[in-house]
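Position chain Y against the provided structure of chain U, taking the given hints into account.
2 protein chains.
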Amino acid sequence: MSEIVTIQQAVMAEDEKYASRIRRLMRDNKILMANIIGSPGCGKTSLLEETAPKADFSFAVIEGDLETSRDAERLAVKNIKALQINTKGCCHLEAHVVEKALSSLSLDSLDVLFVENVGNLVCPAEFDLGEDFKAAVASTPEGADKPLKYPALFAQAQVVLLTKVDLLPYVRFDKELFLRDVRTLNPKSPIIELDLISGVGVEEWVSFLSDRLRRKRAHVD
Amino acid sequence: MSEIVTIQQAVMAEDEKYASRIRRLMRDNKILMANIIGSPGCGKTSLLEETAPKADFSFAVIEGDLETSRDAERLAVKNIKALQINTKGCCHLEAHVVEKALSSLSLDSLDVLFVENVGNLVCPAEFDLGEDFKAAVASTPEGADKPLKYPALFAQAQVVLLTKVDLLPYVRFDKELFLRDVRTLNPKSPIIELDLISGVGVEEWVSFLSDRLRRKRAHVD
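First to last, the sequence lines map onto chains U and Y. Just so we're aligned, residue 7 is where the first sequence starts under our numbering, counting upward by one. Just so we're aligned, residue 7 is where the second sequence starts under our numbering, counting upward by one.
Note that these hints are calculated values from the structure, not bench results. Just so it is clear, the structure is predicted and the values come from calculations on it, not from any experiment. There could be a bad hint or two in this list.
Copies of one chain are not kept apart here, so a pair can be met inside one copy or by any two copies together.
Cut-off 27 angstroms, straight-line C-alpha distance, at most; resulting in silico cross-link-like pairs (BS3-like, lysine-lysine) [stated by the list, open to error]:
{"no.": "1", "residue 1": "Lys-194", "residue 2": "Lys-94"}
{"no.": "2", "residue 1": "Lys-181", "residue 2": "Lys-94"}
{"no.": "3", "residue 1": "Lys-181", "residue 2": "Lys-84"}
{"no.": "4", "residue 1": "Lys-84", "residue 2": "Lys-36"}
{"no.": "5", "residue 1": "Lys-194", "residue 2": "Lys-222"}
{"no.": "6", "residue 1": "Lys-23", "residue 2": "Lys-222"}
{"no.": "7", "residue 1": "Lys-36", "residue 2": "Lys-181"}
Excised from the complex, chain U in its bound form:
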């Protein structure tokens, strides 16, 4: 097994070079880049659909999926610029794949770049894509035990999004436990509650992004 680990580490080190190049590209273009990670069906695409009408910044999306271009098509219907990457069985996006995709995306007049990662709480958390921050998404029907079960993601996320709060009356979800466990792993990052059908929480999310964008640009200038 040790041989695999060594080679895996070498590949990850190689991938760090791509991540650094992406980070530099984003800095040079003053673009805020967010890597959005959550379970299948937790509401990642809906989040981006609902972000568009309220955003005071321009954005584009890189969509990661094993198969299909459904998510990019959903976004295109809403006039959101989206680029689909099909990983063909790979359970996460890697920086070299994202860099290749970026070459076919115009970065001019772009403020924010979202990467919607493959629906998976485990593997995407381990890969740096050159993003400014990772956003962890969890939905209420998944249950409150997710932070402690998937601590790597929740500990490093710079924002935690709790989606589908409209389903709280119908599901078994201990919100106090969820919030307490997130805080144990991650004392400071904001936790935003969202209902993406009625739009609850979207303004708070948009204002989090605007603030991060402003701070990045102040820092770069």
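Chain Y in isolation, oriented as in the chain U frame:
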């Protein structure tokens, strides 16, 4: 990259030996083994909790999680024999880990062994644990697009479980699309609809298992 693939294949071939040994062990002990795969929070543990009171067979559970023993504790409360494996960051169970766990489980008078895999629709689908069949679990809040997005799992599953049908009035879920897409990938496997709060569908699931157990024993004898 080709070097990684070669070594990965070698590891998977090595793991096939463990899977074959497990398969033989299950045959010798006339135990039906089911590998349960679904997203985080889709209801895998609830399914096993609700199976116990209706089952006309004895069973034990091997629980796979990155961290915590919460699922095994949940099952223990219901007097279900459960063994927790913590994968410490690994996104799926592998046969050599399951074989090691089996050595501390008494197989006497056991009819069915469930493996509740790590919550993940991608990676667990690629690994043979020596099971008789894989069960794919999808919940309605995840959305109807999961089968085509995660085709490897839905194509090979010998039973597809659609959970949380009680939430249908409150979520956007196109059931016709879901059923059609499952059928495109997988023309024959039964699809069972479940509400694990009221117990809808549990008897159908239990009778599917009893039937598979009976057929396996008839075949072994």
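Could you tell me which of the numbered hints above are not met by this structure, giving the numbers in increasing order?
7
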